[in-house]
Amino acid sequence: MSMVNPNIQGKRYPRSAAYLVGREKIREFARATFASEESIDLAAAKASGHSDLVAPPTFPIVLQEFGLKLVIADPEAGLDFSRVVHGEQKFVFQRPIVAGDLLTSELSVASVKSLGGNHMVVFDTEIFDEGNSLVCTAISTLVVRGEDA
Amino acid sequence: MPEISELTIGDVIAEKNFNLDRDSLVRYAGASGDFNPIHYRDDMAASVGLPGVLAHGMLTMGLSIDPVVSWLGDAGKILEYGVRFTKPVVVPAKGRAVITVVAKVAELDPETKKVRIDLQTSFDGNNVLGKSQVWVQL
Chain A
0 MSMVNPNIQG KRYPRSAAYL VGREKIREFA RATFASEESI DLAAAKASGH SDLVAPPTFP
60 IVLQEFGLKL VIADPEAGLD FSRVVHGEQK FVFQRPIVAG DLLTSELSVA SVKSLGGNHM
120 VVFDTEIFDE GNSLVCTAIS TLVVRGEDA
Chain B
0 MPEISELTIG DVIAEKNFNL DRDSLVRYAG ASGDFNPIHY RDDMAASVGL PGVLAHGMLT
60 MGLSIDPVVS WLGDAGKILE YGVRFTKPVV VPAKGRAVIT VVAKVAELDP ETKKVRIDLQ
120 TSFDGNNVLG KSQVWVQL
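Residue numbers (numbering that gives the first Met the number 0), protein chains in the order written: chain A, 0 to 148; chain B, 0 to 137.
Be a bit skeptical, because a hint or two may be false.
Straight-line alpha carbon distances no greater than 25 Å define the calculated SDA-like cross-link-like pairs of lysine to any residue that follow [claimed, not checked]: (1) A:Lys-45 <-> B:Asp-73; (2) B:Lys-113 <-> A:Gly-48; (3) B:Lys-113 <-> B:Phe-34; (4) B:Lys-15 <-> B:Arg-95; (5) A:Lys-45 <-> A:Val-111; (6) A:Lys-68 <-> B:Tyr-39; (7) B:Lys-86 <-> B:Ile-3; (8) A:Lys-68 <-> B:Arg-95; (9) A:Lys-89 <-> B:Val-11; (10) B:Lys-113 <-> B:Gly-72; (11) B:Lys-86 <-> A:Val-111; (12) A:Lys-89 <-> B:Lys-93; (13) A:Lys-24 <-> B:Phe-34; (14) B:Lys-93 <-> B:Ile-3; (15) A:Lys-112 <-> A:Arg-82.
Just so you have them, the derived chain A footprint on chain B, three or more residues with Cβ under 8 Å [claimed, not checked]: (16) 38 to 52; (17) 58 to 64; (18) 80 to 91.
It should be emphasised that the hints constitute simulated quantities derived from the structure, not laboratory data. As the structure is a computational prediction, the values presented were derived from the model and not from experiment. From the three backbone atoms N, C-alpha and C, an ideal C-beta is built for every residue, glycine too.
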């Protein structure tokens, strides 16, 4: 009985294809997360010293999803996604994401722990810009419920 | 931009209500790419034993930071944002779920001008996020 293979701890998945952050995608995501219109005003962003609109703080979830799809499709991981609950999420920024950024992401499995019949899996997704500088790290803890849980 | 010298630990810097309906969930599904049907189909939610259609945890996390971004006037000042998902938000087919966010100053570092803001996000009298902390650069 295993809802995820503990041996994937330390596994690093291939780098994603390049993702171009669009200004209107930022607006769409911002409105879907109830952000104010001021936060997606181009003149205001430029007045704050940014080259374009700044993505909302939870926007990197879009890039984290690319990596998670690789894990779900990975037979070695054996992750039963129907048993997965999102436990924790964190974003750590080296700099804000702005429209026009060409980003790639790379997901690795930071840890797999067993806890009371459940598994806790921590994924780190590092997001890089075109110059290969780290922009943001997204850290996600998924709880994989055991059969009796 | 707020001044760090004017802040005291415990200050409420923002408080806001958000009304979630089923349209909100469909809009977030489209924007984020998370099309898990438990976030828009009652039959699918029931089939996995849920009390109803749930808001995406990431939607709750995403809206909870909006009052902080508005207070800062610049999303680029957010250094770090993390939460624990503690309780689901059930969104009815008709009507809406009201989520309340209260943002308070929790830690101040006058040297680096970094401030920790703690968020309390509640629905139906319960906190739905735990350890909800934001580090900002003033």
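- prompt: Holds or violated: Lys-113 (chain B) with Phe-34 (chain B), Cα cutoff 25 Å?
  reply: violated, 36 Å
task: Verify the proposed pairing of Lys-68 (chain A) with Tyr-39 (chain B), using a straight-line Cα cut of 25 Å.
output: holds, 21 Å
Distance restraint between Lys-112 (chain A) and Arg-82 (chain A), which requires alpha-carbon spacing of 25 Å or less: Judged against 25 Å, a Cα distance of about 15 Å means the pair holds.
- request: Compare the distance between the alpha carbons of Lys-89 (chain A) and Val-11 (chain B) with 25 Å, and conclude whether the hinted pair is satisfied.
  value: Answer holds: Lys-89 (chain A) to Val-11 (chain B) is near 23 Å, not above 25 Å.
query: Lys-15 (chain B) and Arg-95 (chain B): Cα distance at most 25 Å?
result: Given pair Lys-15 (chain B), Arg-95 (chain B) holds - Cα atoms ~16 Å apart, limit 25 Å.
field: Three-residue Cβ test at 8 Å for the coverage of the stretch 38 to 52 of chain B by chain A
entry: Contact hint for the stretch 38 to 52 of chain B vs chain A: violated, 1 residues under 8 Å.
message: Does Lys-93 (chain B) sit within 25 Å of Lys-89 (chain A), going by the straight-line distance between their CA atoms?
response: violated, 32 Å
- prompt: Has the given pair, Lys-86 (chain B) with Val-111 (chain A), been kept, meaning a C-alpha gap of at most 25 Å?
  reply: holds, 23 Å
Lys-113 (chain B) paired with Gly-72 (chain B) [C-alpha distance capped at 25 Å]: Judged against 25 Å, a Cα distance of about 16 Å means the pair holds.
- request: Compare the distance between the alpha carbons of Lys-45 (chain A) and Val-111 (chain A) with 25 Å, and conclude whether the hinted pair is satisfied.
  value: violated, 43 Å
Hint consistency between Lys-113 (chain B) and Gly-48 (chain A) [alpha-carbon to alpha-carbon, up to 25 Å]: Given that 25 Å is the threshold and the Cα spacing comes to 19 Å, the pair holds.
Proposed proximity, Asp-73 (chain B) with Lys-45 (chain A) (alpha carbon, max 25 Å): holds, 10 Å
Figure legend: structure checked against the earlier numbered hints; hints not met, in rising order: 3, 5, 7, 8, 12, 14, 16.
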